[in-house]
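Position one of the sequence shown corresponds to residue 27 (this note's numbering), numbered consecutively onward.
Any given hint could turn out to be false.
[Said to hold, decoys possible] Taking lysine-lysine and the DSBU-like style, the derived pairs with C-alpha atoms no more than 35 Å apart in a straight line are:
(1) 264 x 100
(2) 162 x 330
(3) 101 x 175
(4) 39 x 241
(5) 175 x 330
(6) 101 x 77
(7) 154 x 100
(8) 154 x 77
(9) 39 x 77
[To be verified] Pair ranges (Cβ atoms, derived):
(10) 171 x 133: 49 to 55 Å
(11) 116 x 250: 56 to 62 Å
(12) 120 x 348: 51 to 57 Å
(13) 353 x 176: 46 to 52 Å
(14) 361 x 97: 17 to 23 Å
Treat the hints as calculated values from the structure; they're not laboratory data.
Keep in mind that this is a model prediction, so the values were computed, not measured.
The C-beta atom is built at its ideal place from N, Cα and C for all residues, glycine as well.
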Amino acid sequence: MSIRHAVLPAQVKRILLIKLRHHGDMLLTTPVINTLRQRYPESEIDVLLYKETEAILRYHPAISVIHAIDRSWKKQGIRYQLKQELALLKQIRSRHFDLVINLADQWRSAAISLLSGAPVRIGFGYQKRRSFIWRKAHTSLVSTANHGKLHTVEQNLSILAPLNIEITDSRASMHYCADDEASRQRLLAERGVTGDYIVIQPTSRWTYKCWDDAKMAQLLDALQPQGLTLILTAGPDKKERDMIAHIQSLCHNPQVISLAGELTLTQLAALIDRARLFIGVDSAPMHMAAALHTPCVALFGPTKLHHWRPWSDNSTVIWAGDFAELPRPDAIDTRTRQRYLDAIPVETVLDAARDYLAEAK
Numbered sequence: 027m028s029i030r031h032a033v034l035p036a037q038v039k040r041i042l043l044i045k046l047r048h049h050g051d052m053l054l055t056t057p058v059i060n061t062l063r064q065r066y067p068e069s070e071i072d073v074l075l076y077k078e079t080e081a082i083l084r085y086h087p088a089i090s091v092i093h094a095i096d097r098s099w100k101k102q103g104i105r106y107q108l109k110q111e112l113a114l115l116k117q118i119r120s121r122h123f124d125l126v127i128n129l130a131d132q133w134r135s136a137a138i139s140l141l142s143g144a145p146v147r148i149g150f151g152y153q154k155r156r157s158f159i160w161r162k163a164h165t166s167l168v169s170t171a172n173h174g175k176l177h178t179v180e181q182n183l184s185i186l187a188p189l190n191i192e193i194t195d196s197r198a199s200m201h202y203c204a205d206d207e208a209s210r211q212r213l214l215a216e217r218g219v220t221g222d223y224i225v226i227q228p229t230s231r232w233t234y235k236c237w238d239d240a241k242m243a244q245l246l247d248a249l250q251p252q253g254l255t256l257i258l259t260a261g262p263d264k265k266e267r268d269m270i271a272h273i274q275s276l277c278h279n280p281q282v283i284s285l286a287g288e289l290t291l292t293q294l295a296a297l298i299d300r301a302r303l304f305i306g307v308d309s310a311p312m313h314m315a316a317a318l319h320t321p322c323v324a325l326f327g328p329t330k331l332h333h334w335r336p337w338s339d340n341s342t343v344i345w346a347g348d349f350a351e352l353p354r355p356d357a358i359d360t361r362t363r364q365r366y367l368d369a370i371p372v373e374t375v376l377d378a379a380r381d382y383l384a385e386a387k
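Throw the hints in and build the complete structure from the sequences for me.
What follows is the structure, encoded as structure tokens:
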């Protein structure tokens, strides 16, 4: 399906980018946003996302307006939800977009694309969306035939093909504000941290993406001779905070502190940005470390590594599949309590960490 409208910089006053997924997914849209800013420097770029992921893009300098869908609307009844949906659509139509880029695969995103009134609406030609309605919602559809071979960043950037934009820089980016940096300094001062530190994120919302608590504690102890403060981070969920407490109970390194559940996402970004090293599992903070170009040791299990590895040359991936047989990613029961990363030896992670710390001296 070919694009029906010529798109020139002078004609594009406002652009809407749609992505309705998790925090890490949102961060990996930033190469598209950055490329659009470079190609259309005078345009206003808006983003439509889920409200809970807004912090990831809150301080991005290229974004004019963030439009948010609150998934709690439906909990307040169909009438309330409909009112909010209509208000959102009215807000979007009032922006008079010239170009909509729909990176999402939901029917809702297609409907919003169509009803936005934008003359140019680009989406992906998903196999599961082979219908007249999906085609009608977009003026151009980009093939996903080779997506299985591409990183998520590369998949996202491929949607720009109908615009004939040259991709000169595909780096992701994460931004935070001066208040976040001030909070970082205050929190570390309160805990007596004055020197360099390592940020370690052992937790994920999914247990199967986590490493063994005892092995993590062994790693913390083995890092003690480096003389650095080790800062454990996690989300505010009780399960994650309990996991951090258990890890702390197993280790003997006095240089370990916890900020689990105490940081906003942008405060966490400020913390990671100043770290000597980030060590963590497949999670949004891992993608943040990559976007901030902080040296990163990432532990992966049965997820699609080629899609979700850290998008940075300053990273090392340690895959559990190199040490044990893993199930296919699509066959994983995300509710399982099994930790497939347990096959990863402590010494392998420690060696990778030491290599980065030696380089930084």
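Each hint, compared with the structure:
Between residue 264 and residue 100, the direct Cα distance comes to roughly 25 Å. Compliance with the 35 Å bound is thereby established for this hinted pair. Distance restraint check for residue 162 and residue 330: the Cα-Cα separation of roughly 32 Å lies within the 35 Å cut-off, and the hinted pair is therefore satisfied. A C-alpha spacing of about 38 Å is found between residue 101 and residue 175, which places the hinted pair above 35 Å, so the restraint is violated. A threshold of 35 Å between alpha carbons decides the hint, and for residue 39 with residue 241 the separation of about 53 Å lies outside it, so the pair is violated.
This hinted pair checks out: residue 175 and residue 330 have alpha carbons roughly 10 Å apart, not beyond 35 Å. As the CA atoms of residue 101 and residue 77 are separated by approximately 15 Å, the hinted pair is consistent with the 35 Å bound. Under the criterion of a C-alpha separation no larger than 35 Å, the hint pairing residue 154 with residue 100 is consistent with the structure, at around 25 Å. Between residue 154 and residue 77 the alpha-carbon distance is near 26 Å, which keeps this suggested pair within the 35 Å criterion.
A hinted pair counts as satisfied when its Cα atoms are at most 35 Å apart, and residue 39 with residue 77 qualifies at roughly 25 Å. In this structure the hint that residue 171 and residue 133 lie 49 to 55 Å apart at CB is violated, the actual value being about 22 Å. Between residue 116 and residue 250, the C-beta spacing of about 58 Å keeps the proposed range 56 to 62 Å intact. Hint check: residue 120 to residue 348, Cβ distance near 53 Å, so the stated range 51 to 57 Å holds.
A hinted range of 46 to 52 Å for the beta carbons of residue 353 and residue 176 is inconsistent with their spacing of about 23 Å. Checked against the given bound of 17 to 23 Å, the beta carbons of residue 361 and residue 97, roughly 20 Å apart, stay inside it.
Hints 3, 4, 10 and 13, counting from the list given before, are not met by this structure.
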